[in-house]
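**Student:** One letter stands for each residue in the lines below.
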Amino acid sequence: MDLDGVYRAEYGRCVATLVRLLGDISLAEEAVQDAFAVALEKWDTLPPNPGAWIVTTARNRAIDRLRRESTREARHAQALLLHQHDEPEEVGPVRDDQLRLIFTCCHPALAPDARTALTLRLLGGLEVPEIARAYLMPEATIAQRIVRAKKKIRDTGIPYRVPAEQELPDRLPPVLTVLYLMFNEGYAATSGSLIRTDLCAEAIRLARELATLMPDEPEVLGLLALLLLTEARRPARLSPAGELVLLPDQDRSLWNHALIAEGHDLVRRCLRRNRPGPYQIQAAINAVHTDGPATDWQQVLALYDQLQALAPTPVVALNRAVAVAEVHGPALALAALEHLELPGYHLLPATRADLLVRLGRAREAAAAYDEAIALAGNETERAFLRTRRAGLDRPS
Amino acid sequence: MKQYMLAVHMVEGTPAPSPQDMQRAYDQVDKVNQELQATGAWVFGGGLLPADSATVVRAEGGRTTMTDGPFAETKEQLGGFWVLRCKDLDEALSWAAKCSEACMGPVEVRPFEDEPES
Numbered sequence: 001m002d003l004d005g006v007y008r009a010e011y012g013r014c015v016a017t018l019v020r021l022l023g024d025i026s027l028a029e030e031a032v033q034d035a036f037a038v039a040l041e042k043w044d045t046l047p048p049n050p051g052a053w054i055v056t057t058a059r060n061r062a063i064d065r066l067r068r069e070s071t072r073e074a075r076h077a078q079a080l081l082l083h084q085h086d087e088p089e090e091v092g093p094v095r096d097d098q099l100r101l102i103f104t105c106c107h108p109a110l111a112p113d114a115r116t117a118l119t120l121r122l123l124g125g126l127e128v129p130e131i132a133r134a135y136l137m138p139e140a141t142i143a144q145r146i147v148r149a150k151k152k153i154r155d156t157g158i159p160y161r162v163p164a165e166q167e168l169p170d171r172l173p174p175v176l177t178v179l180y181l182m183f184n185e186g187y188a189a190t191s192g193s194l195i196r197t198d199l200c201a202e203a204i205r206l207a208r209e210l211a212t213l214m215p216d217e218p219e220v221l222g223l224l225a226l227l228l229l230t231e232a233r234r235p236a237r238l239s240p241a242g243e244l245v246l247l248p249d250q251d252r253s254l255w256n257h258a259l260i261a262e263g264h265d266l267v268r269r270c271l272r273r274n275r276p277g278p279y280q281i282q283a284a285i286n287a288v289h290t291d292g293p294a295t296d297w298q299q300v301l302a303l304y305d306q307l308q309a310l311a312p313t314p315v316v317a318l319n320r321a322v323a324v325a326e327v328h329g330p331a332l333a334l335a336a337l338e339h340l341e342l343p344g345y346h347l348l349p350a351t352r353a354d355l356l357v358r359l360g361r362a363r364e365a366a367a368a369y370d371e372a373i374a375l376a377g378n379e380t381e382r383a384f385l386r387t388r389r390a391g392l393d394r395p396s
Numbered sequence: 001m002k003q004y005m006l007a008v009h010m011v012e013g014t015p016a017p018s019p020q021d022m023q024r025a026y027d028q029v030d031k032v033n034q035e036l037q038a039t040g041a042w043v044f045g046g047g048l049l050p051a052d053s054a055t056v057v058r059a060e061g062g063r064t065t066m067t068d069g070p071f072a073e074t075k076e077q078l079g080g081f082w083v084l085r086c087k088d089l090d091e092a093l094s095w096a097a098k099c100s101e102a103c104m105g106p107v108e109v110r111p112f113e114d115e116p117e118s
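Protein chains in written order, with my numbering: chain A, 1 to 396; chain B, 1 to 118.
If you are wondering where the hints come from, they were derived from the structure by calculation, not from laboratory data. There could be a bad hint or two in this list.
Stated by the list, open to error - The calculated DSSO-like cross-link candidates involving lysine-lysine, where the alpha carbons are at most 27 Å apart (straight line), are:
(1) B/LYS75 / B/LYS87
(2) A/LYS152 / B/LYS2
(3) B/LYS87 / A/LYS152
(4) B/LYS75 / B/LYS2
(5) A/LYS151 / B/LYS31
(6) B/LYS87 / B/LYS31
(7) B/LYS98 / B/LYS2
(8) B/LYS2 / B/LYS31
(9) B/LYS87 / B/LYS2
(10) B/LYS31 / A/LYS152
(11) B/LYS98 / B/LYS75
(12) A/LYS151 / B/LYS87
Unchecked claim - Listing some non-contacts, in silico: residues in chain B with all C-beta distances to chain A over 10 Å:
(13) HIS9
(14) SER18
(15) PRO50
(16) ASP52
(17) THR55
(18) ASP90
(19) LEU93
(20) PRO111
A virtual CB, placed ideally from N, CA and C, is assigned to each residue, including glycine.
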């Protein structure tokens, strides 16, 4: 591993530990950046434990820096450091620190947009321009969100701790949402620029950490399983020509079978706990999709019924309708879509179009495809829909 | 320890709650206040008379002027507040949840500036 690799792997953990040691996020970031600058100068070969080296160096640099400064934050941090003098000198990154930091970054008192940006910056070590590119937002907007969030954490006294058991029902969902959105943002970008693939990898890395740290939370395991089972199918999702390939048409030999095995194992572990939640059920649906040579749609529909009872959202209703079509036929599925409202979401008219095709109502299908094409967010999906629409004119 | 203001806002022009609901809110707030005092989080708390009882005072250039009515010309006006001493925002937020339930309305939590060090 080179220095870049160490940076990716250790940045978030080191920042998390330094936040605990210094009691301030900005001071912690500066100290860790200082330490990586020293590493760039000094490392000819990697030390045996690069993370511990960075933490110790960052801590020493912070002490030097604080001695020269006399702001309130500096004095507070200095007091904290002195207080911890009895602790062993060689401190590596502590995993609990990351857990504390992710709960701070995803605190419900912060704006949802800010939570994701802050998590990517502090735990993922992504730079502001990288986050801005990933979300197709101006750098200034992302930078401002991060600055504002850090200021709110400091000014309002958002604590740096893992919530107590009884707080988890309120505090865990925003953390899971951030990781889920991070992954989706990367996955939806079918054009596949490198940065966006990184978002998926980072979401999976953080979900893995979270699952290691909270192995008794079935929804955490469920989220990890969902991400792994989705990621596993990525290699088959685009044809060599870059066209979108639907699940039934995918070449299953291209799937990542190690990830699928890991995902299935996690789903089984969740089921044993018998505390179902939306992520676990979505993971179970993906487990059915990746089990055997073809999807068992009866089982998928039963799972969507369960999901709809827990999370009655229009997107769930739309996905359930797809399963209804497979089990009970397109007419019933179309009826299920009738009163659904999902403004701006291209998959609603796209699904309706597919169902109309199967019912032989080509003219209505064409109109629905046109609606979907106008709403689709990226070129790969638009091209896919255009091909389907063009297929209507050809006798099959 | 930090201090936080927990503010309750009234929207003018909305129908007044029934006397029974008012009484229920008073009783519930009383209970929360006792709990706040018992735990030591309490600094101050109270309800305000409607905003039309307000007077705005401006002292500028040696002259003092007064205007009748509240400073902010909006329908949402401060209806009352607590000042609490808490360990961190989470503690203030969990009190706010109790206060919101008791007074049957949203509660805005804002930290005070730290006192200057002497």
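**Student:** Taking the hints in turn, state whether each one holds.
**Tutor:** Against the structure, the hints:
1. B/LYS75 / B/LYS87: Given pair B/LYS75, B/LYS87 is violated - Cα atoms ~33 Å apart, limit 27 Å.
2. A/LYS152 / B/LYS2: At roughly 14 Å apart (the allowed maximum being 27 Å), B/LYS2 and A/LYS152 satisfy the hint.
3. B/LYS87 / A/LYS152: It holds: about 16 Å lies between the C-alpha atoms, which stays within 27 Å.
4. B/LYS75 / B/LYS2: Status violated; Cα separation ~30 Å.
5. A/LYS151 / B/LYS31: violated, 34 Å
6. B/LYS87 / B/LYS31: holds, 22 Å
7. B/LYS98 / B/LYS2: holds, 19 Å
8. B/LYS2 / B/LYS31: holds, 23 Å
9. B/LYS87 / B/LYS2: Roughly 6 Å separates the two Cα atoms, so the pair holds.
10. B/LYS31 / A/LYS152: Status violated; Cα separation ~31 Å.
11. B/LYS98 / B/LYS75: holds, 25 Å
12. A/LYS151 / B/LYS87: holds, 18 Å
13. HIS9: holds, 18 Å
14. SER18: holds, 31 Å
15. PRO50: holds, 30 Å
16. ASP52: B/ASP52 is indeed farther than 10 Å from all Cβ atoms of chain A, at 32 Å.
17. THR55: At roughly 31 Å from the nearest Cβ of chain A, B/THR55 sits farther out than 10 Å, so the non-interface label holds.
18. ASP90: Per Cβ check, B/ASP90 is inside 10 Å of chain A; nearest 5 Å; violated.
19. LEU93: violated, 7 Å
20. PRO111: Not fine: 5 Å to the nearest Cβ puts B/PRO111 too close to chain A.
Hints 1, 4, 5, 10, 18, 19, 20 from the earlier list are contradicted by this structure; the remaining hints agree with it.
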